[in-house]
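Chemist: Each chain, letter by letter, is given below.
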Amino acid sequence: MAKATFSVRRQTGFATIALVCFVMLYAPILTLMIYSFNDGTSVAIWEGFSWRWYERAAANEQVQESALLSLKIASIAAVLATIFATMAALATTRTRPYRGLTAIFAAINTPLMVPEIVTAVALLIFFASIKVATGYTGIAYLVAAHTAFCIPFAYLPIRARLESMDATLEIAAADLYATPWRAFRRVTFPLLWPGIVAGLMLAFVISLDDVVITEFVKSAGQDTLPTYMLGQLRRIVTPEMNAISTVFLGISVMVVALFFFMTRKKN
Amino acid sequence: MSTAAAAVEAKNVSKIFGAGVGEVRALDNVSVTIRQNEFFTLLGPSGCGKTTLLRLIAGFEMPTEGSILLEGEEVAHLPPFKRPVNTVFQNYALFPHMSVAENIGFGLEMLGKPKTEVQQTVDAMLRLVRMEELKHRKTSQISGGQQQRVALARALAPRPKVLLLDEPLSALDYKLRKDMQLELKRMQHETGITFIFVTHDQEEALTMSDRIAVMSQGNILQIGSPDEIYERPADRFVADFIGETNFIEAEVIERIGEDGRIRLPSGVAVSHKLASNAGVGSRVTLAIRPERIDLVRADGETHLKGKVDNIVYFGTDTTFHVGLDSGQSVTVRVQNRRGHQEILQVGDVVGLTIAPEAMQILRD
Ligand SMILES: Nc1ncnc2c1ncn2[C@@H]1O[C@H](COP(=O)(O)OP(=O)(O)OP(=O)(O)O)[C@@H](O)[C@H]1O
Ligand SMILES: [Mg+2]
Numbered sequence: 001m002a003k004a005t006f007s008v009r010r011q012t013g014f015a016t017i018a019l020v021c022f023v024m025l026y027a028p029i030l031t032l033m034i035y036s037f038n039d040g041t042s043v044a045i046w047e048g049f050s051w052r053w054y055e056r057a058a059a060n061e062q063v064q065e066s067a068l069l070s071l072k073i074a075s076i077a078a079v080l081a082t083i084f085a086t087m088a089a090l091a092t093t094r095t096r097p098y099r100g101l102t103a104i105f106a107a108i109n110t111p112l113m114v115p116e117i118v119t120a121v122a123l124l125i126f127f128a129s130i131k132v133a134t135g136y137t138g139i140a141y142l143v144a145a146h147t148a149f150c151i152p153f154a155y156l157p158i159r160a161r162l163e164s165m166d167a168t169l170e171i172a173a174a175d176l177y178a179t180p181w182r183a184f185r186r187v188t189f190p191l192l193w194p195g196i197v198a199g200l201m202l203a204f205v206i207s208l209d210d211v212v213i214t215e216f217v218k219s220a221g222q223d224t225l226p227t228y229m230l231g232q233l234r235r236i237v238t239p240e241m242n243a244i245s246t247v248f249l250g251i252s253v254m255v256v257a258l259f260f261f262m263t264r265k266k267n
Numbered sequence: 001m002s003t004a005a006a007a008v009e010a011k012n013v014s015k016i017f018g019a020g021v022g023e024v025r026a027l028d029n030v031s032v033t034i035r036q037n038e039f040f041t042l043l044g045p046s047g048c049g050k051t052t053l054l055r056l057i058a059g060f061e062m063p064t065e066g067s068i069l070l071e072g073e074e075v076a077h078l079p080p081f082k083r084p085v086n087t088v089f090q091n092y093a094l095f096p097h098m099s100v101a102e103n104i105g106f107g108l109e110m111l112g113k114p115k116t117e118v119q120q121t122v123d124a125m126l127r128l129v130r131m132e133e134l135k136h137r138k139t140s141q142i143s144g145g146q147q148q149r150v151a152l153a154r155a156l157a158p159r160p161k162v163l164l165l166d167e168p169l170s171a172l173d174y175k176l177r178k179d180m181q182l183e184l185k186r187m188q189h190e191t192g193i194t195f196i197f198v199t200h201d202q203e204e205a206l207t208m209s210d211r212i213a214v215m216s217q218g219n220i221l222q223i224g225s226p227d228e229i230y231e232r233p234a235d236r237f238v239a240d241f242i243g244e245t246n247f248i249e250a251e252v253i254e255r256i257g258e259d260g261r262i263r264l265p266s267g268v269a270v271s272h273k274l275a276s277n278a279g280v281g282s283r284v285t286l287a288i289r290p291e292r293i294d295l296v297r298a299d300g301e302t303h304l305k306g307k308v309d310n311i312v313y314f315g316t317d318t319t320f321h322v323g324l325d326s327g328q329s330v331t332v333r334v335q336n337r338r339g340h341q342e343i344l345q346v347g348d349v350v351g352l353t354i355a356p357e358a359m360q361i362l363r364d
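Those protein sequence lines, which keep their order, are chains V and U.
Under our numbering, the first residue of the first sequence carries the number 1, and numbering increases by one thereafter.
Under our numbering, the first residue of the second sequence carries the number 1, and numbering increases by one thereafter.
Just chain U, same shape as in the assembly (with noise of 0.2 Å):
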């Protein structure tokens, strides 16, 4: 077994439903490496494809073009009961005629394991998820949260190479939600099973995940550590569907190797790196979060500078709506502390300063 391979390969993968007027292209080339022991999470807007990404890795569709592979091997032939990937479906599935115990043994039972085994690992898995005391349940005699619980334990219990989860949590109430979060994450770590976890959710994305894939209408529009995605987003899209973030017009003024100068629509220039087909004469979009810029006196050095249309106070912190001189609309967020809100007003003048590496330039 080579250690080197990853937990899961997609190559120019496209799945189409349907033919002729009726085609339904759901996922469209994509291309994803998932690598070992990683809590990888698909991301995206209702039906971009994430369900069928995964239906294709468990082997319930088979791809209309490009290859999966797992741990380095190619899947094709194989049927899902072969394949070393468990799901945790959007809706559980549990077998209601089956007790807790009987539904987390199951997969076990058909690997043919023995009797004894079989009970020592429904045991085990009873305990990490905390469902001892309801072993013998009917999983009709459960609430919500325990049967998620339980699909969760089914699903690792034959100890896959892969564990899907398909939104596992969008069922459950926020605080067992969060709990459920944090139990997920420590699951993940003591069993050390690589998870590809589904959800719309970009909170709980970019809290539970190592990587994510930003998926939009069966694209991936970029792969990468939360962080990346959140501080560096490739695009215009993923800067949108994660977290809140200002655009901003600017123009090419100058550039020398990478090095160039934009404008911004105060007219005022600033340094900053570019892409390759950026040249001179250009226009580009700066995506800026709100709580990267600054406000200050408008009448010191500033980079923008607009009218305070609105103040939303959030507790922890405060949003100021800030009109400028273009018309646009750029939303500012100021942590709160004491005497810092009480300086500005609705109406008053401010200026805008935002970090250089704050801007970031989004690709076409």
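Isolated chain V, as found in the complex (with noise of 0.2 Å):
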């Protein structure tokens, strides 16, 4: 049956094109997750099933110490985030257009853009500094840091989600003699619900994930997981390493799939 629209799937060459773009991104990701359960020492080859990567990867300290270092910077940097987005894109979409409000948005949005290595090089020197002034070398740097890596992706599906809610709605609920306190709360704020959830979800993903920055910023002695991985793939590779990043990729993808399954109700 011939069809009248374009369609790009029947276009030759389409499956193959398709097919090994889809083993380029899993393949190397499956193999990873095999050697995982590697019973020997190596991450190429195979000597039979066991979990003993498994249990001493989670025996390990460092391990212990580093993902517990990355979900707390995580949690706290993805919450900060993800508050200071949700007021950055009620303040640029909820307010009548003023002089400066593109160049905000850019504000806004231009950390995406910066190369990471850029960033971190700044924020070292920058902290560096305040460091030598007070004296102090906790983990609010990172936290600092996260934050404020992560607004721009909290802030874009917060944007979105209010750009596409009616803007009446509010005007009605004053209309209903809400305030507007009253009316961004049983209005403005369970409309954009889900779009603050997937905020806070892609700010923690992001967080989670950060090597560059992290490295750059850290105290000695503040490894986050990925800062670990990486000191140590330096020296030998096990499959120790398969162990966690299995692990690292389950939490990463719950975390999406949570949010999938808890917008999808709400609609």
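Because the hints were derived from the structure by calculation, they are not lab data.
It is possible that part of the hints are untrue.
Stated by the list, open to error - Using 20 Å as the maximum straight-line C-alpha spacing, the simulated DMTMM-like pairs for lysine to aspartate or glutamate come out as follows:
1) U:K82 <-> V:E170
2) U:K138 <-> V:D166
3) U:K113 <-> U:E73
4) U:K11 <-> U:E102
5) U:K273 <-> U:D235
6) U:K138 <-> V:E170
7) U:K307 <-> U:D294
8) U:K178 <-> U:E204
9) U:K273 <-> U:E251
Computed from a prediction, not measured in an experiment: that's the story for all the values here.
Take the two lone chains, each set in its own frame, and fit them into one complex as the hints suggest.
Modeler: Below, the structure written as structure tokens:
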């Protein structure tokens, strides 16, 4: 049957290209996961199934500590970034257009385009001077840095949600005797919630995953899971890395899946 | 509370959007008084400022100049959530995350009414708009007409002093619109609330309103009852906008006080009351409704004479387009009684007679 509309699926080679892409994407990950169950010490030669590398990773105190730090930083940074992003989104969409609005919009989003290494070096220098001045070397630097680079990621879904929301709903609430705060609580916020959750999850995953900025900003002994793994990989590679990576991947997928089901139930 | 005060009063209200070259004068020195318990309609073409006037009354916008009074009190200092005015929005603006009942109860809840009272009123409103069975539905799961009724119930539930309705029926199909027109009238009657209704449908305005304000380009051209607006349009725009009208130029040839005589294009002179500024020799425009013209034999006594150019049959009536000697075409509508339309044919020469009170002299 001839179809009137253009269908990319019927172009020659489409299936092949799609297949190659999927293989490129998932074959390495699949290999990594498979070798995490290797009984031997090699990440390339299969010697039978075992849980030993998972047991070993779980018993590794450095892994425990860095994983805990990762979760701590990601949780705090994601919550802070989402709060700021929500406020930024409200301030850039729920006001009359004002002079400089475009500039502010650009300022919020450029961090997405600035090479991460540049941000990392800048933060390193900036925080170094604060460290010298105050003597403080705690995790606040990491939290601040993560919050900062997570804001644009949290901002995007929240803003998208706000823009697709009918602004007359808020006017209608005001018309029905809701003060601005109650209109926000009862109308804007519940409708914005899926966007906020999306922003939170995105910020969490982005923070959890960060290597470059963390590597530059961290003080001695402040390894997150990714920077710990990076350090280990420089020395010797055992399937323990595969095991950690697999668990890491599992957590990320779970966060995303959780978000997916939460938003789907809402609608 | 003074019962004598008008429900809503706009005094010399202007609203300007933007500035400089992009400036839009949405309302230009508008004054209007809307009485208690009145079904008042704002009628006018798209962009004439109807919504803007409603938004000023509701408090979503502030006038650039002039003042708005609710029951005699200036409300400039009151934000929308403190005004005893509710709106039925053009797109309904129902809260999608709430049920039908929650939507209707929202206003009362915000007013801090006790739960039982909210529930009772919601149930009463559901009965009023005949939506009892759909109480627990999400508003995204009901039809357009049902959404419209929920919007109406939601705006009525807090018993506002004034209800603003911004083209609430425009999204509905013909049949549903007719039903809702009747229902709106019934609800206004039952609740005694002042309704300010916006439409650009002249038929809707004529059938529903106690009074109509005809607007054009930010101005109110005429305020009056439907028959006043229809029978005695103040100017050419109103006459043209409401129903079909023939415009005929005439010349003033005599005047004594208010009484005068005017000469029609055919040369026939008729007596007519004149406005003070129409001196002898000045030209005036007459507005004449097609159904107020009678077709007679051309050789009898007539006001105008012409040739039938076209006959259009409409079922209940027939429209004749008559070309005058002056070249102008006049539309005449005749009710179809048996045997009437067979007499005339295209090309026949006919005479037209018009009752003097059906010739409305327009203001310039
Ligand atoms: N926020 C605004 N900014 C700039 N111009 C506006 C704004 N709101 C309305 N206008 C302009 O003011 C004029 C009147 O608009 P308004 O919405 O009152 O028209 P309306 O009579 O309700 O028309 P419609 O029948 O199409 O709804 C229009 O020319 C419109 O473009
Ligand atoms: Mg409008």
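Chemist: Indicate, hint by hint, whether the structure satisfies it.
Modeler: Against the structure, the hints come out as follows:
1. Between U:K82 and V:E170 the alpha-carbon distance is near 15 Å, which keeps this suggested pair within the 20 Å criterion.
2. For the suggested pair U:K138 and V:D166, the alpha carbons sit about 17 Å apart, so the restraint of at most 20 Å is met.
3. The straight-line distance between the Cα atoms of U:K113 and U:E73 is roughly 25 Å, outside the 20 Å bound, and the hint therefore fails.
4. Only pairs whose Cα atoms come within 20 Å are accepted, and U:K11 paired with U:E102 is rejected, the gap being roughly 37 Å.
5. With a CA separation close to 16 Å, the supplied pair U:K273 and U:D235 stays within the 20 Å bound.
6. Our distance criterion of 20 Å between C-alpha atoms is met by U:K138 and V:E170, whose separation comes to about 18 Å.
7. As the CA atoms of U:K307 and U:D294 are separated by approximately 14 Å, the hinted pair is consistent with the 20 Å bound.
8. With a C-alpha separation of about 9 Å, the suggested pairing of U:K178 with U:E204 holds against the 20 Å cut-off.
9. Of the pairs offered as hints, the one joining U:K273 and U:E251 holds, with about 13 Å between alpha carbons and a cut-off of 20 Å not exceeded.
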